[in-house]
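Chemist: Heads up: the protein sequence lines correspond to chains A and B, in order. Residues 1 to 358 (the working numbering) make up the first sequence, in order. Residues 1 to 351 (the working numbering) make up the second sequence, in order.
Simulated from the structure, these hints should not be mistaken for lab results. Don't take every hint at face value.
[What the hints assert, rightly or not] Computed list of chain A residues with no C-beta within reach of chain B, every gap over 10 angstroms:
| id | residue |
| --- | --- |
| 1 | Gly29 |
| 2 | Gly117 |
| 3 | Leu162 |
| 4 | Ala175 |
| 5 | Ala177 |
| 6 | Ala179 |
| 7 | Phe181 |
| 8 | Ala183 |
| 9 | Ala191 |
| 10 | Leu200 |
| 11 | Glu247 |
| 12 | Arg261 |
| 13 | Ala265 |
| 14 | Leu322 |
| 15 | Val350 |
[To be verified] Which stretches of chain A does chain B cover? Using the computed rule of at least three CB atoms under 8 angstroms from a CB of chain B, they are:
| id | stretch |
| --- | --- |
| 16 | 324-335 |
| 17 | 341-347 |
It should be emphasised that the depicted structure is a prediction, and the values quoted were computed from it without experimental measurement. Note that the Cβ used here is the ideal one computed from N, Cα and C, for glycine as well.
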Amino acid sequence: MAGSTTAARSGPAAGPIPRSGNGGSLFTGGIGRTAGLVLACLLLAAASALSVLVGNYDLSVADALSALASPGGGDADRVVWHVRVPRTATGVLAGMGLGAAGAVMQGLTRNPLAGPGILGVNAGGAFAVVSAMAFLQVSSLAGHLWSAFAGAALAAVFVYALGSLGGGASPVKLALAGAAFSAMVGSATTAITLLDPSVLNDFRFWTVGSLTRSGSGDLAVAAPAVLAGVGLAVLIGRDLNAVALGEDMARSLGTRALAARALGAVSVVLPAGAATAIAGPIGFVGLVVPHMARALTGPDYRWIVPWCVLLAPTVLLLADVLGRVLIRPEQLQVGIVTGLIGAPFFIHLVRTRKAARL
Amino acid sequence: MIAGDRDALLLRGPRDAVVFRLGRRSAALAAITWLLAGCAAVLSLSLGRFDIETAGVLRVLGGGGTLIEYDVVVRNRLPRAATGLGAGAAFALSGAILQRIAANPLVSPDVIGVNSGAAFGALAVLTVFGGSGLHTVAGALAGAGATAAAIFALSAKRGLSGHRLVLVGIGVAAMLTSGVSFLLTRADYHGATAAAAWLTGSLANRGGLHAAIIAAALAAAVPALVVLARHVRLLELGDELAGVLSRHAGRARTALVAVAVGLAATATAAAGPIGFIALAAPQIVRRLLPGRGAAFAPTAAVGALLTVSADLAARMLFAPVELPVGAVTGVVGAPVLLYLLARANRIGHAG
Numbered sequence: 001m002a003g004s005t006t007a008a009r010s011g012p013a014a015g016p017i018p019r020s021g022n023g024g025s026l027f028t029g030g031i032g033r034t035a036g037l038v039l040a041c042l043l044l045a046a047a048s049a050l051s052v053l054v055g056n057y058d059l060s061v062a063d064a065l066s067a068l069a070s071p072g073g074g075d076a077d078r079v080v081w082h083v084r085v086p087r088t089a090t091g092v093l094a095g096m097g098l099g100a101a102g103a104v105m106q107g108l109t110r111n112p113l114a115g116p117g118i119l120g121v122n123a124g125g126a127f128a129v130v131s132a133m134a135f136l137q138v139s140s141l142a143g144h145l146w147s148a149f150a151g152a153a154l155a156a157v158f159v160y161a162l163g164s165l166g167g168g169a170s171p172v173k174l175a176l177a178g179a180a181f182s183a184m185v186g187s188a189t190t191a192i193t194l195l196d197p198s199v200l201n202d203f204r205f206w207t208v209g210s211l212t213r214s215g216s217g218d219l220a221v222a223a224p225a226v227l228a229g230v231g232l233a234v235l236i237g238r239d240l241n242a243v244a245l246g247e248d249m250a251r252s253l254g255t256r257a258l259a260a261r262a263l264g265a266v267s268v269v270l271p272a273g274a275a276t277a278i279a280g281p282i283g284f285v286g287l288v289v290p291h292m293a294r295a296l297t298g299p300d301y302r303w304i305v306p307w308c309v310l311l312a313p314t315v316l317l318l319a320d321v322l323g324r325v326l327i328r329p330e331q332l333q334v335g336i337v338t339g340l341i342g343a344p345f346f347i348h349l350v351r352t353r354k355a356a357r358l
Numbered sequence: 001m002i003a004g005d006r007d008a009l010l011l012r013g014p015r016d017a018v019v020f021r022l023g024r025r026s027a028a029l030a031a032i033t034w035l036l037a038g039c040a041a042v043l044s045l046s047l048g049r050f051d052i053e054t055a056g057v058l059r060v061l062g063g064g065g066t067l068i069e070y071d072v073v074v075r076n077r078l079p080r081a082a083t084g085l086g087a088g089a090a091f092a093l094s095g096a097i098l099q100r101i102a103a104n105p106l107v108s109p110d111v112i113g114v115n116s117g118a119a120f121g122a123l124a125v126l127t128v129f130g131g132s133g134l135h136t137v138a139g140a141l142a143g144a145g146a147t148a149a150a151i152f153a154l155s156a157k158r159g160l161s162g163h164r165l166v167l168v169g170i171g172v173a174a175m176l177t178s179g180v181s182f183l184l185t186r187a188d189y190h191g192a193t194a195a196a197a198w199l200t201g202s203l204a205n206r207g208g209l210h211a212a213i214i215a216a217a218l219a220a221a222v223p224a225l226v227v228l229a230r231h232v233r234l235l236e237l238g239d240e241l242a243g244v245l246s247r248h249a250g251r252a253r254t255a256l257v258a259v260a261v262g263l264a265a266t267a268t269a270a271a272g273p274i275g276f277i278a279l280a281a282p283q284i285v286r287r288l289l290p291g292r293g294a295a296f297a298p299t300a301a302v303g304a305l306l307t308v309s310a311d312l313a314a315r316m317l318f319a320p321v322e323l324p325v326g327a328v329t330g331v332v333g334a335p336v337l338l339y340l341l342a343r344a345n346r347i348g349h350a351g
């Protein structure tokens, strides 16, 4: 697999892919990349362990291990099984979904500013969930999940269509369309919540992404959607490489452009919608992590996507752990932490690229 | 002394030391729109628990009416209408200035995050320090000023680019939104409900203080704008050309931006971050008037009209439940933003 990067190195016409991309990256070549992925797995495992151990209730490693191995009725067991493990699992699932969705979005739209947050997919999902709560009295997570999917899908299609009016979706147009859409949907969401104070009380916590709201039953509903989307995203890495060369080049290389876009759209909406359903809107993870992955492994999407799938949950869990310790004994929701850390990165991206095209 | 041609009146000072050019159509539009806004405001004065006819409102405003009618109309309802008119005008002026200077219809205080900064500042004062009244205004001004300074500093690189300004503003606004969410989750239930209504922009429960804040801001800003308006056509040519054509371009731009930020901040302090007024009002006026004058007077009028009628709609649509005005302007105004985007994309230039 690693030897056949023809798409990414097809001579002088390689266009938007920096040809020296692999030169500056850490994990290149077949062995280096595989070792890198193993390292990423270890990092994710470490972050998960940290997420189980750190919190207001002090747990030693031995306590946690014994609680995990043989659940009894003690405080430690209850904390581990009812609080920390679901929280960690939510983080892993939501992170995988957001990372995969972000990578595919950036690949499909050839847009360094793309991400589920910036392009309004999270906002669409959130709006759909709130509408379902308020108007259809939907309260089950499966219901939230389906409405989040529908909202995310509609948002993605709408924003992409709006951004590509008049020939080609440039990064600036897409980002603006996403911001406009988020603003519109956001005020509609607020209007709904203000009509019903009880929805507002739930929603002020829902509107900041948090890993604490889903139980194991909810996760079991969302997991297949996340995993299917992530699997699909990994599989279409080759098509994303071709798309990265530009519309014309992709067509002349024999990529089924329409099929690639359709599959790509599914692999954005499924995991992003599921992540929004279980954790609420979490910004900037899907935007930042693909850039980290690209810096580590180069411009080949067949590697970027798996890296994102492993790195994004690591980042998300670390952000969550940070939120637990920063203002002890209270907690910062993870969505607030990612917003505060991720937005400067977005500004950095905007500043370092040419404003006209990016 | 008044003279002029078919399009404009020229108001001359003694010995022609100062001459103001007053566009006829612009002045007519401003007069008509202010009249409509006044009608909407009077209608809003007649609305509420205490039944009073529009005629009764006019009688009270004219100095008649019973004591209780005077109390209801002037003490309770007038501040709301006045704050609405003033805040709408202030938002619209702020948007008009920024859009023209950056030569980009998307650069308005709500899109680039100035309103978020003001909201964050005011909310921090409300929830963390437990302040109210004038403290909130100070918080909003500080928040908006710091945010605007940060946005302009971060996006000023090889000149001011409208697009970079907008994108940096989106990033800054995202950070501030995180901060606002944080403050909201830490507030108690009642505080959160009040803050959420305030955050969408609300004219409910306004008092004399709110109206006074916005009146003071307008009283300071309008004379400044009368002087500065003539620089706007120069500045929208872009940094380089404006710098070549005038030595004062840089100073004029700083002054105009300061006025715009101040207006947006005080309007936010008085009425909350009412969305899309700043974005839509200048665009509406631009389509109604020929030529490329600054057209600040009709823009302010359209902003006031939009705000007061949106507030009327918010109170009447779901009666007896009253929505905050920002919920209506958001839902109605966002399509304007989408239209501007679609149009900018179609003609291949976001201007």
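Chemist: Against each hint, give a clear statement of whether it holds in the structure.
Modeler: Tested hints:
1. Every Cβ of chain B is farther than 10 angstroms from the Cβ of A:Gly29; the closest lies at roughly 35 angstroms, confirming the non-interface assignment.
2. Non-interface status of A:Gly117 relative to chain B is broken: a Cβ of that chain comes within 10 angstroms, the nearest being about 8 angstroms off.
3. Distance to chain B contradicts A:Leu162 as a non-interface residue, since its nearest Cβ pair spans about 6 angstroms, not more than 10 angstroms.
4. Not every beta carbon of chain B lies more than 10 angstroms from that of A:Ala175, the smallest distance being close to 6 angstroms; the non-interface claim is violated.
5. A beta-carbon of chain B is positioned within 10 angstroms of the beta-carbon of A:Ala177; the least distance is around 6 angstroms.
6. For A:Ala179, the non-interface assignment is contradicted: its Cβ lies about 5 angstroms from the closest Cβ of chain B, within the 10 angstroms cut-off.
7. Not every beta carbon of chain B lies more than 10 angstroms from that of A:Phe181, the smallest distance being close to 7 angstroms; the non-interface claim is violated.
8. Distance to chain B contradicts A:Ala183 as a non-interface residue, since its nearest Cβ pair spans about 6 angstroms, not more than 10 angstroms.
9. In this structure A:Ala191 is not separated from chain B by more than 10 angstroms, as the shortest Cβ-Cβ distance comes to only about 4 angstroms.
10. For A:Leu200, the shortest C-beta to C-beta distance to chain B comes to about 6 angstroms, within the 10 angstroms cut-off, and the non-interface label is violated.
11. With 10 angstroms as the threshold on Cβ separation, the claim that A:Glu247 sits away from chain B holds: the shortest Cβ distance comes to roughly 17 angstroms.
12. At roughly 19 angstroms, the least C-beta separation between A:Arg261 and chain B is larger than 10 angstroms, which holds for a residue marked as non-interface.
13. Against chain B, the non-interface label of A:Ala265 holds: every CB pair exceeds 10 angstroms, the least being about 20 angstroms.
14. Chain B leaves A:Leu322 outside its interface by the beta-carbon criterion, the shortest separation being 13 angstroms against a cut-off of 10 angstroms.
15. Look at A:Val350: its CB is around 4 angstroms from the nearest CB on chain B, not clear of 10 angstroms, so calling it non-interface is violated.
16. Against chain B, the stretch 324-335 of chain A contributes 4 residues with a C-beta closer than 8 angstroms to a partner C-beta. That satisfies the three-residue criterion, and the hint holds.
17. Evaluation of the coverage hint for the stretch 341-347 of chain A: fulfilled, as 5 residues show C-beta separations to chain B shorter than 8 angstroms, against a requirement of three.
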